[in-house]
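Student: Please take these sequences and the hints and turn them into a complete structure.
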Amino acid sequence: MASSSSETQKDVKFEDIAQGKIQSPAAYDFRSDTVTTPTPSMLQSILNISVHGDDVFSEDTTTNNLESFIMSLTGKPAACFVMSGTMGNQVSIRSHLTQPPHSIVMDSRCHIFNYEAGGAAILSQAQMIPVKPANGEHLTLEEVKDNVIDSDDIHYAPTRLICLENTINGIIMPLEEIKKISAFAKEKGIKFHLDGARLWNVVAAGGGDLKEIISYFDSVSLCFSKGLGAPMGSIVIGEKDFIGRVRHFRKMVGGATRQIGIATAPARTAVEEVFLGGRLTRTHELAKRLESSWAKLGGKLKFPCHTNIVWLDPASAGVDESDIPTEAKKAGLKWEFERIVVHHRK
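If you read the sequence shown in the working numbering, its first letter stands for residue 3, the second for the next number, and so on.
No lab work stands behind these hints: they were computed from the structure. Mixed in with the good hints, there may be bad ones.
To be verified - Computed cross-link-like contacts, SDA-like style, restricted to lysine to any residue with a CA-CA straight-line distance of at most 25 angstroms:
1) 147 to 133
2) 182 to 209
3) 181 to 156
4) 188 to 234
5) 290 to 264
6) 304 to 279
7) 181 to 133
8) 182 to 138
9) 147 to 101
10) 331 to 278
11) 302 to 101
12) 290 to 339
13) 298 to 280
What the hints assert, rightly or not - Cβ pair distances, simulated, as ranges:
14) 334 to 101: 51 to 57 angstroms
15) 157 to 188: 22 to 28 angstroms
16) 188 to 253: 47 to 53 angstroms
17) 332 to 185: 50 to 56 angstroms
18) 327 to 138: 54 to 60 angstroms
19) 154 to 322: 52 to 58 angstroms
20) 243 to 46: 19 to 25 angstroms
21) 156 to 278: 34 to 40 angstroms
Heads up, the beta-carbon is just placed ideally off N, CA and C, and yes, glycines get one too.
Tutor: Structure (structure tokens):
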């Protein structure tokens with residue numbers, strides 16, 4: 003383990019990892035599933051792409067093939083590759099909302115509200131209405147209803163969009179709750195968006211069929227780098243007219259690129275190799291083993307472990323949370339606080 007620690011402290015070449023000379027430094031990094039490095043097959047896919055075509059003109063063959071592939075997997079009629087999950091969420095929000103004033107109801111813990119630099123307020127001029135779930139795990143229809151602004155009163159910004167995130171904190175949102183919120187949104191004429199950065203984990207854990215889950219939303223953003231291990235990128239899916247607007251706003255924020263096959267080729271390989279290949283299930287099994295080991299030490303969890311994220315309660319085992327980074331470093335690990343994120347890279 004000591005030698006592995008030194009590997010994580012210096013520059014590592016993808017070529018050395020691909021040839022098996024060294025392990026990926028991500029093997030000892032449990033801060034997030036964003037730290038995964040591309041697999042040899044992902045890197046090889048870049049060498050096999052056609053460099054002809056321009057994605058700004060929708061003429062990049064590799065990218066078009068990825069978008070068609072995701073459309074077939076999800077059942078949505080249109081798709082658009084974007085540079086990141088944040089970009090995917092923000093161009094989706096902007097494409098759904100037209101003339102302010104308008105508001106968005108969302109989980110108070112979600113990425114859109116906390117970790118996207120206030121993008122919805124700046125890019126879409128939207129009031130965000132964060133709701134803290136009383137059950138500590140997921141929003142309910144009743145909580146959404148209680149916070150949606152459905153009024154012509156000029157003092158308020160009417161709700162035009164509901165955003166969910168699944169998983170959130172590694173927790174799977176029950177499909178029945180999604181169905182109920184979706185039906186309510188349709189009844190009220192409110193658009194429904196899913197930040198599905200870790201939706202792959204939901205499906206891998208048996209939390210629902212990919213096409214069925216996605217069918218309840220007007221738009222979904224899926225991430226290729228978080229969990230799946232591609233170098234970069236996400237994709238937005240929805241109806242054709244909606245994706246047309248997404249492409250417009252993607253261009254506006256500088257996200258339209260030229261020969262982007264160098265990103266979309268490994269993205270497809272990541273879906274095939276990690277999601278369809280069953281590797282996510284293995285990460286869930288490892289997370290459960292960590293949960294079991296922690297319980298044997300007398301420790302409890304802050305949140306249930308549904309997928310690849312384990313939230314420890316350090317105090318329950320007499321551990322000071324502030325000691326975690328130092329002790330982890332001694333063991334050759336990168337781990338900063340009570341959250342452990344298991345990923346497929348080794």
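Student: Now look at each hint and say whether the structure bears it out.
Tutor: Status of each hint after checking the structure:
For the hint pairing residue 147 with residue 133, the CA-to-CA distance comes to about 11 angstroms; that is within 25 angstroms, so the pair holds. At most 25 angstroms may separate the alpha-carbon atoms for a hinted pair to count; residue 182 and residue 209 meet this at roughly 16 angstroms. With a C-alpha separation of about 31 angstroms, the suggested pairing of residue 181 with residue 156 is violated against the 25 angstroms cut-off. This hinted pair does not check out: residue 188 and residue 234 have alpha carbons roughly 33 angstroms apart, beyond 25 angstroms.
Between residue 290 and residue 264 the CA atoms are separated by roughly 35 angstroms; this puts the pair beyond 25 angstroms, and the hint is violated. Taken as a hint, the residue 304 and residue 279 pair is broken in the structure, with Cα atoms around 30 angstroms apart against an allowance of 25 angstroms. A C-alpha spacing of about 19 angstroms is found between residue 181 and residue 133, which places the hinted pair at or below 25 angstroms, so the restraint holds. Between the alpha carbons of residue 182 and residue 138 the distance comes to roughly 19 angstroms, so the proposed pair stays at or under 25 angstroms and holds.
Pair hint residue 147 plus residue 101 holds up; C-alpha atoms about 23 angstroms apart against a cutoff of 25 angstroms. Distance check on the hinted pair: residue 331 and residue 278 sit about 34 angstroms apart at the alpha-carbon level, beyond 25 angstroms; violated. With a CA separation close to 48 angstroms, the supplied pair residue 302 and residue 101 exceeds the 25 angstroms bound. A C-alpha spacing of about 18 angstroms is found between residue 290 and residue 339, which places the hinted pair at or below 25 angstroms, so the restraint holds.
This hinted pair does not check out: residue 298 and residue 280 have alpha carbons roughly 28 angstroms apart, beyond 25 angstroms. In this structure, residue 334 and residue 101 meet the distance hint of 51 to 57 angstroms, their C-beta atoms being roughly 55 angstroms apart. Residue 157 and residue 188 have their C-beta atoms about 26 angstroms apart, which keeps the hinted 22 to 28 angstroms range intact. The beta-carbon spacing between residue 188 and residue 253, approximately 30 angstroms, falls outside the hinted interval of 47 to 53 angstroms.
The given range of 50 to 56 angstroms is respected by residue 332 and residue 185, whose C-beta atoms sit roughly 52 angstroms from each other. Range check, residue 327 to residue 138: Cβ separation about 26 angstroms, and the 54 to 60 angstroms hint is violated. For the pair residue 154 and residue 322, the beta carbons lie near 54 angstroms from each other, so the given range of 52 to 58 angstroms is met. For the hinted restraint 19 to 25 angstroms between residue 243 and residue 46, the CB-CB distance of approximately 37 angstroms leaves it violated.
Between residue 156 and residue 278 the Cβ separation comes to about 51 angstroms, which falls outside the hinted range of 34 to 40 angstroms.
Going down the numbered hints, you'll see the structure goes against 3, 4, 5, 6, 10, 11, 13, 16, 18, 20, 21, while the others check out.
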